[in-house]
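Starting from the structure of chain A, add chain B where the hints point.
Heads up: the protein sequence lines correspond to chains A and B, in order.
Residue numbers for the first sequence follow our numbering, so the first one is 40 and each next one is one higher.
Residue numbers for the second sequence follow our numbering, so the first one is 40 and each next one is one higher.
Mixed in with the good hints, there may be bad ones.
Repeated chains share a single entry, so a pair holds when one copy, or any two copies, can fit it.
Claimed, not checked - Here are the simulated BS3-like cross-link-like pairs (lysine-lysine), alpha carbons at most 27 Å apart as the crow flies:
1. Lys458 x Lys319
2. Lys107 x Lys383
3. Lys318 x Lys383
4. Lys319 x Lys383
5. Lys385 x Lys319
Treat the hints as calculated values from the structure; they're not laboratory data.
Protein chains: 2
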Amino acid sequence: MDEKVTNLPPDPVDPATIAKHLGALRVADAVDALDALDHPTAVAVLKAMPSALAVQLFDEAGLVHPHKIVELLPDALAGAILHGISADRRVEIFRKLKAPDRQRLSKLLSPEDQTALAQLLTYQDHTAGGMMTTEFLSLPPDLRVGEALRHIREVANEKETIYSIYIVDPATRRLIQPISLRDLILAEPSATIGSIERHREPIVVLPNTDREEVSALISKYDLLAIPVVEASGKIVGIVTVDDVIDVMVEEATEDAQRFGGMESLDAPYMEISFLGMIKKRAGWLCALFLSEMLTASAMQHYEAELERAVVLTLFIPLIMSSGGNSGSQATSLIIRALALGEVKLKDWWRIASRELPSGIVLGSILGVIGFARITIWQMAGLYDYGEHWTLIAATVGCALVGIVTFGSLAGSMLPFLLKRLGFDPATASAPFVATLVDVTGLIIYFSIAYQILRGTLL
Amino acid sequence: MDEKVTNLPPDPVDPATIAKHLGALRVADAVDALDALDHPTAVAVLKAMPSALAVQLFDEAGLVHPHKIVELLPDALAGAILHGISADRRVEIFRKLKAPDRQRLSKLLSPEDQTALAQLLTYQDHTAGGMMTTEFLSLPPDLRVGEALRHIREVANEKETIYSIYIVDPATRRLIQPISLRDLILAEPSATIGSIERHREPIVVLPNTDREEVSALISKYDLLAIPVVEASGKIVGIVTVDDVIDVMVEEATEDAQRFGGMESLDAPYMEISFLGMIKKRAGWLCALFLSEMLTASAMQHYEAELERAVVLTLFIPLIMSSGGNSGSQATSLIIRALALGEVKLKDWWRIASRELPSGIVLGSILGVIGFARITIWQMAGLYDYGEHWTLIAATVGCALVGIVTFGSLAGSMLPFLLKRLGFDPATASAPFVATLVDVTGLIIYFSIAYQILRGTLL
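Just chain A, with the same shape it has in the complex:
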């Protein structure tokens, strides 16, 4: 269904036809269709449509490069769009504009909008202040419910949501209490809105609260919006649930890409230039490669043993990958548990004392399979591991126990360590953990081999 409605009519088409077609679609679908056009065509199409529709399209988070399109538009249309869209979306677009365009386009706004924009631009991206809208419904506490409802009817079109209403001290702009439209509808029309039953202390965030924490609060308390309040108690904006959903999708993508071992892209896969993609991937790949070089140094250190017992090399990939896999499991578990607040930094010891026995059990399972593998191949005559094959099998088995235990422990502790050092625990990627475990894994393997095979093979 999705694909059918976003399909454009067959080429060649003039901009007016496309504009008409977009007008018939749902806004989010029209945005997808506009995104599929090159920028000059998009500009022609926007010029050919009613400016109210252009405003709606620019108001959608789904439009990927609004800043690149808006800078190509004639001033009148650019001004109409930038005036018409919501305050939070306007900031998002201005944040991406280069300085000269930013200056030129901000002059198209009304003086009040310019002041509000400058203020909003001072907040960091990825914070509550950076994603909030200033277009929320605030009412004084002495207003009567009936008047409040009449007022809401009048201003509904300028506000991002009318379901969350904020009772604000008109003199100081301090937030007294959020109420819902539901509360208002259920209340006596002649009562003042300040007398509506006061809930517990409102849940608020500061302008510099991280957007992940904003999502967590909206999600936990099932809110439709959360007020952003300065330390003085003054309300400066609200973050609405639809923006939080966009943030959640974005964060999930970022986390997935980082866990895959790369910098997160800031645009869809197909929108990133070839060079941009290489840049995002090469950094971590090189860093991991340089760290992994330690394995070559470790191997060089054990060169004498390798020369004497080449048979040991056969199991190096198998053993190392098992350490990496168990580490990757543990890391993904703990990253999510930390992100969801299921475990806190201080719980590291409880986790360690769970991961240690888990690692031993998992390692023992693999150790038994590894021992059996060598025994079966030897017995069935598939391969000859030499006269000391039982000792080799024992070496592989014991090394697996040691390495999987180390992998589980290191993998689970790494996110804690990163968090303790002030990094995002999600920086701990699967390749990162595997690299960490690989070098130690080699040392564990050769140390065990040395203990078991000394006097025979080594």
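Then chain B, alone, in the frame of chain A:
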């Protein structure tokens, strides 16, 4: 703040004191505190609180084991709770109950609730039908706006949301049009609600629509709720945005854990039993281990070469890990791009023709570093790779180009292959890709070594 409010008063405390304390907290925080108690204590506390509060606590998705607590409650209290909670939460709890408890507890419900429950239980978990609520506001089209608002005031407390209202044919229960409370407030009180400006075809889902698709629609179209409609057009329920947020968090956790190379847990880390945890992890770990055994077989195949040139083994971990890392990057990119609908199954060829040159460039970067590493160590006298060290450096460099290219290509195509075969692309974990790339990586390495070193070392 979070931690302070959920702290319980110092022990020893009687259930009534805890119940009173919970009553003073926000519901979501009280649920956290209740979750921290063992089940018999939780039962005592629930018995000591007003049943309206117990209902509120059970209505929260944050309560982890409602089914384990409710089966321990006396019938009167269990009945009051199961009657009071919302229909979708009720289904969620009954779904987790064992058959005898399910039968016993369903008898506590009113005949209508029993019928509704039996109907809702026929829908699969993880579908729109399995997560919808039947408690939505439906109104006939000939109702006047003023009457509709009066009606909403009366029934507001029984409905999960009053912001999304569904105009339904009273005879057939067919959905005519969803309207928002905003539309209703803005409309003329004397108009019929059926005459409110008709939007485009409403966005609806079928009862068996996957919950991930439901989230995607709510997120794309910024909805507060989405109606669930049978093929006949009959509306059977709605899914609200707060449930979708819970699903998004759950899916992000599942995906992260699966990408880490394990079965997803269905409960928080600390809530899973030790044996349950081993089960979730051992399966994939063993499967990966068994596949990775092919590396041992591959190494055995090249035994003669290894004996002659032990120096080649030094770089095996380095080269293999680079293939795994580039594969993990590509896989995480494509899994997310597929999940977000940025690329479709049919785009596989476009992705392949992007990943091939990406892999070559990334591989060349690592190849140059690898070549430099060997040259520097040799020149600086840190290690002696023998008289043919330039050939060895060339082997390592070329192998890196080949393996990183193969890793990027295989890693990006795997999610497409899984999707094509009907699996969730997110089954492609980092360890899975690494394992896939490892065996081929060894073959690439030894083949290149054979070409370059034939006549000298080999």
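Honestly, which of those hints from before does the structure not fit? none
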